[in-house]
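> Construct the complete structure from the given sequences, taking the supplied hints into account.
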Amino acid sequence: GAGVSQSPSNKVTEKGKDVELRCDPISGHTALYWYRQSLGQGLEFLIYFQGNSAPDKSGLPSDRFSAERTGGSVSTLTIQRTQQEDSAVYLCASSRDLEGGYTFGSGTRLTVV
Amino acid sequence: AQSVTQLGSHVSVSEGALVLLRCNYSSSVPPYLFWYVQYPNQGLQLLLKYTSAATLVKGINDFEAEFKKSETSFHLTKPSAHMSDAAEYFCAVLDSSNTGKLIFGQGTTLQVKP
Chain R
1 GAGVSQSPSN
11 KVTEKGKDVE
21 LRCDPISGHT
31 ALYWYRQSLG
41 QGLEFLIYFQ
51 GNSAPDKSGL
61 PSDRFSAERT
71 GGSVSTLTIQ
81 RTQQEDSAVY
91 LCASSRDLEG
101 GYTFGSGTRL
111 TVV
Chain H
1001 AQSVTQLGSH
1011 VSVSEGALVL
1021 LRCNYSSSVP
1031 PYLFWYVQYP
1041 NQGLQLLLKY
1051 TSAATLVKGI
1061 NDFEAEFKKS
1071 ETSFHLTKPS
1081 AHMSDAAEYF
1091 CAVLDSSNTG
1101 KLIFGQGTTL
1111 QVKP
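Protein chains in written order, with this note's numbering: chain R, 1 to 113; chain H, 1001 to 1114.
Incorrect hints may appear among the rest.
[As the list claims (entries may be wrong)] Partial chain R-side listing against chain H, Cβ under 8 Å, derived:
#1 Phe45
#2 Tyr48
#3 Pro55
#4 Asp56
#5 Leu91
#6 Ser95
#7 Gly101
#8 Gly105
[As the list claims (entries may be wrong)] Derived CB-CB ranges, DEER-like:
#9 R:Val12 x H:Tyr1039: 22 to 32 Å
#10 R:Pro61 x H:Ser1009: 18 to 28 Å
#11 H:Thr1072 x R:Ser62: 27 to 37 Å
Hints in this document: simulated from the structure, not taken from any laboratory. For each residue, glycine too, the CB sits at the ideal point set by N, CA and C.
Written out as structure tokens, the structure is:
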């Protein structure tokens, strides 16, 4: 597609439920990143994909968080047993190289109530 | 390890005035530096990047930034602010892990007054 597409744009979920966030990167972009943007926390790196593998998942905050990427394209970030501190905007970005010039999606705003 | 510090979480300027957003970095290797802008309810958009070529980097919408090694700074400027420049601005440094990971500053919200 022309840009990075994320869905849903907003998600309200009850504490303890699982959620899946989807990212559809720009076609041909082999690198894909997930970041979390929280009030007062800035942008926090979560995970990096190169193709379908994740060489760096050092930013995932706990084992409740997982992500996968299939076909070198779409990625899904899954949060199990959501907690209120998981409330944030989750941003996906893709890039054709590793020099930091990303294209970001508009994000998914997750609210855990 | 690399880091970025943005001085001033909020900056307010009048329309037509100079915009100056400050960023200082720490890096053990020659840095690649970036400025991104985030408009309300949108993702981040790349404004400009420094990759060790010219020290004065020009970006979109008349923004520019100057890399000053002696001051470890990469401040963002624009000669004349427009109302449409109101947004949050993030400075970032490329992590040295060769993953393309970016380390972001805390962001600066720019307010433009009529």
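> Decide, hint by hint, whether the structure agrees.
Cross-check of the supplied hints:
1. The interface hint given for R:Phe45 is met, as the beta carbon of that residue sits about 5 Å from the closest beta carbon of chain H, less than 8 Å.
2. Given the 8 Å rule on beta carbons, the hint for R:Tyr48 holds: about 5 Å separates it from the nearest Cβ of chain H.
3. Because the beta carbon of R:Pro55 sits about 6 Å from the nearest beta carbon in chain H, less than 8 Å, this interface hint is met.
4. Hint on R:Asp56 holds. Least Cβ distance to chain H is approximately 5 Å, under the 8 Å limit.
5. Given hint, R:Leu91 at the interface with chain H, holds; its Cβ is 6 Å from that chain's nearest Cβ, closer than 8 Å.
6. The beta carbon of R:Ser95 comes within 6 Å of a beta carbon in chain H, closer than 8 Å, and the hint placing it at the interface holds.
7. Hint status for R:Gly101: holds, given a least beta-carbon distance of 6 Å to chain H, under 8 Å.
8. About 5 Å separates the beta-carbon of R:Gly105 from the nearest beta-carbon of chain H, less than 8 Å, and the hint is met.
9. Between R:Val12 and H:Tyr1039 the CB atoms are about 23 Å apart, so this pair conforms to the stated range of 22 to 32 Å.
10. Look at R:Pro61 against H:Ser1009: about 23 Å separates their beta carbons, and that is inside 18 to 28 Å.
11. For H:Thr1072 and R:Ser62, the hinted distance range of 27 to 37 Å is satisfied, since their beta carbons lie about 34 Å from each other.
Figure legend: structure checked against the earlier numbered hints; every hint is met.
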